[in-house]
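S.K.: Chain residues, written in single-letter form:
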Amino acid sequence: MSNIFKKIGWFVKAHWKLHLLMFLLLISISSISLAPAYVLGLSIDTIVSGALNKDALVRLVLLLILLPTVRYGLSFIYNHLSQKTAQTLSFEMRKRYLSHLFDMDSEFYETYEKGDLISRVTADLDAITQAASSMLEGIIFNVGVILFAISIMAFSISWELTLISVSIMPVGLTLLNIIRNKKRKYIKRHREIYADMTEKVLESVEGQKAIRAYVQEDRDLNKQYEAIDKDIESWRYIVKYENWFNPLFEVIYGLAYILAFSFGIFFIIDQKMTLGELIIFISYIGMLYGPIISISTIFTQINNATISVDRFDEIMKKIPIVRDDQNSKPILSFRHIEFKDVTFKYPFDKQPVIKNISFDINYGQTIGIVGPTGAGKSTLIRQLLREFNVSQGSILIDGQPIESFKIEDVRRLVGYVPQTHVLFKRSVEENIMIGNPRASIDALDKAVKIADFEKDLHFLSHDLNTMVGESGQTLSGGQKQRLSIARALIKDPEILILDDSLSAVDAKTEDTIIGHLKNFRQGRTNIIVAHRFSAVRDADIILVLENGKIVQRGTHDALLRQEGWYKAQYIEQMSMR
Amino acid sequence: MKTMKKVWRYVARYKKLLTITLVSMLIVQFLGLLAPLIVKTILDDYLVGIQRPWYEVSESEKEVTYQGRYFSQEQASDDVISIIIYRGAYYVIEDLVMSGHKSLEGETLTVIAQDGTIKMYQVTKMTSSEVRSFYEPFINPLVLLIGLLALRFFLQILFTYIQRISTAMINVNIVRDARRDAVTALQKMPMTYFETEPAGKIANRIISDVGGMMNLFSTIMNLLINASLAVIFAYIGMFYLDPTLALMTFIVFPVVYVWLRFFIKKLNKIAVKVNELTSLITAQLNEIINGISILQIFNYKKQTEDKFENISKEFMGERIKENILHLSIGWNLIRLIGALVTSIIILYFGQKNLTVSGFIVSAGIIYAYNDYLTRLIEPVGTLFREIGNLEHALVRTERIFKIIDGEKEDGSFDLIPRFKGHITFENIWFSYHENNPVLKGIDLDIKPGEMVGLVGHTGSGKSSMMNLLLRFYDLKESDMGTIYVDGININTFPKRSYRNHVGIILQDPAMFKGTIADNIRFGKDIKDEKIESILREIGGSRLLDKLEHGIHTMITRGGGNLSVGEKQILSFARAVVHNPAILVMDEATANIDTETESMLQRALETVKKDRTMIIIAHRLSTIKHADKIVVLENGIKVEEGKHKDLLSKNGVYANIYRSQIKIDEVN
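Heads up: the sequence lines are chains G and X, in that order. Numbers 1 to 577, taken from the numbering used here, label the letters of the first sequence in order. Numbers 1 to 667, taken from the numbering used here, label the letters of the second sequence in order.
What the hints contain is simulated information worked out from the structure, not anything from laboratory work. There may be inaccurate statements among the hints.
Said to hold, decoys possible - Away from chain G, derived, C-beta distances all over 10 Å, residues of chain X: (1) R69; (2) I251; (3) P448; (4) L475; (5) T482; (6) K649.
To be verified - Cβ pair distances, simulated, as ranges: (7) G:H80 x X:T553: 56 to 66 Å; (8) G:I27 x X:R13: 50 to 60 Å; (9) X:K307 x G:I179: 50 to 60 Å; (10) X:K307 x G:R59: 52 to 62 Å.
Yeah, the Cβ is synthetic: ideal placement off N, Cα and C, and Gly gets one too.
Kindly produce the complete structure, drawing on both the sequences and the hints.
M.R.: What follows is the structure in structure tokens.
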């Protein structure tokens with residue numbers, strides 16, 4: 001429980017006045033909830049004494065209307081405030097979570113599955129907010145009711161009767177809870193059995209093809225039945241003992257009730273108590289039932305919520321490896337970038353993908369990168385995006401390590417067109433504007449034009465306003481690529497990176513785009529990773545990457561003069577045309 | 001209603017338990033009717049009963065001795081005394097006291113009757129022992145009544161327990177039966193189903209949506225049966241005590257009906273919105289996480305957050321609105337009404353006491369009526385609380401029945417002799433969705449024992465051909481052509497008999513929880529030693545030696561602790577054990593290290609013996625030595641022949657080949 005308090009303490013502190021108000025409201029509600037029964041008792045006494053007249057009747061009835069109405073109002077205010085705070089808390093936590101997701105690096109996204117990340121901020125968050133709001137109510141309201149009821153019973157009715165009847169409740173309850181908690185341990189075992197069943201069913205669904213191909217349906221079904229039956233029997237066991245608990249508590253409660261009633265009658269005869277008081281007393285015993293049960297279960301509820309709290313917190317506590325520190329410097333433009341002996345290994349791989357890479361990028365250069373699939377071209381160039389930190393060596397921007405600059409600023413330098421196209425479920429225009437939300441219409445038109453996306457617009461049902469399905473369902477591969485290029489271009493970046501981004505467009509379109517780039521991106525830095533040599537032919541320098549190493553470098557002409565991969569592949573491509 | 005009928009199918013299997021539940025419910029409700037009546041008797045007839053006139057009688061008829069005189073309430077006589085209880089104290093009056101408003105001052109009691117007559121009486125306060133002696137005749141019946149009250153209480157606990165446990169057992173049983181039926185139905189569903197729905201979703205349906213069915217059953221039991229019984233029994237009690245007031249409460253029903261309709265309408269409207277927003281939030285998160293790298297690279301944090309926050313805020317607003325609805329006209333109002341009932345009862349009886357002559361209201365009647373009316377209100381509260389759950393339970397139940405009552409394929413199985421393995425595709429036109437053929441006029445003849453490689457880009461139709469051969473899909477009426485095995489149309493065999501001789505090795509082979517031996521055995525009765533020797537024979541030695549427990553090593557679902565290549569090796573062994581006449585292998589696309597690759601090559605050499613083998617190849621090196629290579633493009637067979645022939649033809653195959661081979665091979 002303290003766990004939850006620790007985790008949401010900041011929230012309570014930030015809204016302490018509100019929480020104080022809610023606390024006072026709860027206290028008032030718990031006291032007012034006891035009042036009507038008291039008035040009923042008074043009424044009965046008045047009637048029994050024959051002291052009832054019009055005035056007394058009106059007074060009593062008004063009181064009996066007023067008290068519940070006030071309670072209705074207070075309950076309304078309290079529950080509204082409580083729900084509002086819970087929802088605000090949940091809103092704030094969602095916000096923090098999303099913001100946190102943005103700070104996480106690629107390693108994080110390789111560790112956690114998407115579905116898991118989502119359920120932590122939906123299902124788990126629900127459990128947390130629910131527990132957070134029911135905790136206050138559960139404890140304060142119930143304790144309030146119990147304390148108020150017992151004080152009224154003891155001080156204004158009869159302390160002897162209170163002692164006789166009420167004291168049996170905590171004693172019995174404690175005993176029962178001890179028994180119950182012992183059994184509760186079984187629930188952990190049940191969870192395992194349940195998980196086994198889920199796994200089995202999931203396995204059968206996933207392995208359906210194999211099961212059918214090998215005609216194992218019957219055998220597999222029997223295994224599934226077995227898993228299901230095991231879970232059911234385990235559940236039946238729990239249901240059986242859980243169902244024992246209620247009647248046992250009811251018996252204790254029943255004893256309290258019967259004791260109160262019989263001794264109450266005795267006290268009436270003894271003139272120690274009035275009839276109305278007996279009725280108040282018995283009503284209060286009835287009212288104690290709910291709160292006592294709630295308090296004994298609230299702790300289990302809270303314990304369950306701590307699992308959710310831990311899950312949520314696990315993510316929030318993750319610190320990305322790639323992150324800014326206080327000394328991170330801003331950067332607006334650069335003159336020179338140097339890769340110095342850069343080696344990079346993906347966090348979960350054994351072998352590095354690129355090894356000891358050194359090369360320079362001067363401002364205004366166009367650099368081509370070629371090589372067979374899997375040579376590490378994309379990995380190399382993505383080092384400029386600050387998704388990972390390099391494993392060895394360093395990348396220097398104007399002599400300073402790339403890590404010393406603000407991540408956001410470094411990324412602002414770059415316009416990146418990825419290999420696989422990531423589009424979002426919004427309009428084409430909005431997808432392009434992701435590159436630069438503040439871009440003007442002219443800039444948009446220009447980007448569309450350079451990317452040669454203009455010709456696609458008539459084929460789209462609503463022009464730039466066409467909705468793109470998730471992962472770009474409505475667009476063809478080529479269209480997606482051109483859109484991605486436009487998205488990078490609208491940023492008018494210092495460095496444009498085409499990461500094998502022209503694979504899905506035909507040769508003619510490629511020529512057009514390359515031609516446009518030559519015109520519009522003159523004097524800016526461009527890095528082009530490509531399979532077709534025509535795309536990199538005019539680059540200032542071409543790097544040939546093989547098995548994570550630079551094996552050749554030079555201009556197109558120079559490379560053709562050397563024997564090697566470049567020449568061989570070039571001839572191959574030319575002859576195939 | 002249709003859904004209820006379906007649920008009834010399951011409940012009906014447990015008629016005995018159901019009868020027990022219903023009988024216990026009836027008993028519990030009947031016991032509930034008794035409680036207020038017993039308390040009322042204790043209060044009115046005995047505790048307050050002392051206020052009835054006491055007549056002076058002879059010693060033999062006495063019930064009570066007071067100041068040397070003998071009194072009884074049974075035998076009327078001329079000498080009468082009265083006892084009144086005033087604010088918890090007892091007073092005796094040597095006269096019959098008129099009914100009316102009483103007030104006591106000193107030793108004078110003033111009574112004002114309804115007609116305005118005023119009478120004054122002299123009273124004497126009684127001592128404790130005197131009071132006790134007057135109560136003497138009541139002690140035995142009181143003890144009896146309290147005993148009865150206790151008995152009733154414990155009987156109620158007992159029968160409530162029986163009712164709860166039998167309902168719970170029905171619940172447990174129907175969940176078991178429905179789950180079993182669902183997994184059974186699933187095994188017979190057409191393969192399409194598994195390709196359109198993610199596995200997690202299907203499993204979730206079977207496991208947790210069944211809970212909806214259980215909720216539906218308990219809600220109906222609670223709302224329909226228990227609540228109706230509670231209402232009926234409460235009315236019995238109320239009519240017995242005061243029919244006029246009971247009749248008056250009937251005006252409440254139409255009001256509650258209209259109110260409930262209004263409430264549900266409002267609630268549904270919000271619930272729809274809340275659901276929409278919930279899935280919108282999930283969809284947004286999904287999209288954001290999918291595209292996180294792009295969003296990060298483009299520094300698109302602020303805008304994404306703003307958009308998400310809008311939805312998040314709207315969601316928050318709807319949740320608050322939902323709560324306000326409950327607070328204003330939901331449970332909070334019902335509780336208010338429940339509490340106001342007490343005031344109505346006091347008003348009604350108090351008023352009657354003051355105005356109707358001869359009517360004397362008693363403590364017991366107020367207590368009992370209050371009790372009954374509370375019982376009447378309670379089910380209304382339940383109704384408002386559970387009506388939302390009911391909708392939800394209905395939806396979930398319908399979903400689970402979509403599986404249970406879903407489309408079923410023929411599940412029959414006869415032993416048929418092993419095929420020789422001659423496969424003929426004859427002019428196959430096939431489409432998953434009508435008018436969108438993925439196979440266009442495929443003709444292919446594969447001789448027994450041949451090894452054939454299928455080559456083509458994603459979507460060229462390779463997998464579709466194999467889906468047809470394995471009969472995961474059947475040709476529909478709108479399709480054309482026939483597939484023959486050993487000259488017999490494969491559709492004439494029962495599916496499962498046919499598959500007995502056709503095996504498959506999947507791209508990412510399915511591994512089941514259990515040992516490696518279990519996975520290779522996969523239902524076949526075969527000794528461990530044999531399994532090990534098969535595994536070694538096909539080149540799995542390296543894998544086996546690596547594992548501490550050899551073939552008894554446990555693997556998890558999906559084979560998480562194995563690489564794809566290793567899983568394929570196990571899958572090969574599985575195929576050898578089952579010895580199908582025709583084996584289809586879908587080569588793994590994932591990057592496989594050279595060592596594993598050569599291991600797989602060796603395995604292939606062993607496995608292909610004595611059967612027809614079709615390989616969907618991604619790395620052409622695998623099928624270089626195939627008897628025949630078939631190249632597909634857009635559902636059309638474009639090339640067919642041996643590796644060498646196709647290379648010299650310099651067509652599609654040669655092109656793909658060249659794009660794959662490494663530089664040193666070219667040199």
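S.K.: Now look at each hint and say whether the structure bears it out.
M.R.: Okay, the hints, checked on the actual structure:
1. The claim that R69 (chain X) is not at the interface with chain G holds, since no C-beta of that chain comes within 10 Å of its own (minimum 21 Å).
2. The claim that I251 (chain X) lies off the interface holds: its Cβ sits roughly 19 Å from the closest Cβ of chain G, which is beyond the 10 Å cut-off.
3. With a closest Cβ-Cβ approach of about 20 Å to chain G, P448 (chain X) is found to remain outside the 10 Å limit, as its non-interface label requires.
4. Non-interface status of L475 (chain X) relative to chain G is upheld: no Cβ of that chain comes within 10 Å, the nearest being about 18 Å off.
5. The beta carbon of T482 (chain X) is kept farther than 10 Å from every beta carbon of chain G, the shortest such distance being approximately 21 Å.
6. Here K649 (chain X) stays apart from chain G, with its beta-carbon at least about 14 Å from theirs, past the 10 Å limit.
7. At roughly 59 Å, the beta carbons of H80 (chain G) and T553 (chain X) sit within the given window of 56 to 66 Å.
8. Against the hinted window of 50 to 60 Å, the Cβ-Cβ separation of I27 (chain G) and R13 (chain X) comes to about 52 Å, which satisfies the hint.
9. The beta-carbon spacing between K307 (chain X) and I179 (chain G), approximately 53 Å, falls within the hinted interval of 50 to 60 Å.
10. Here the CB-CB span from K307 (chain X) to R59 (chain G) is close to 59 Å, well matched to the stated 52 to 62 Å.
When held up to the earlier numbered hints, the structure conflicts with none and fits them all.
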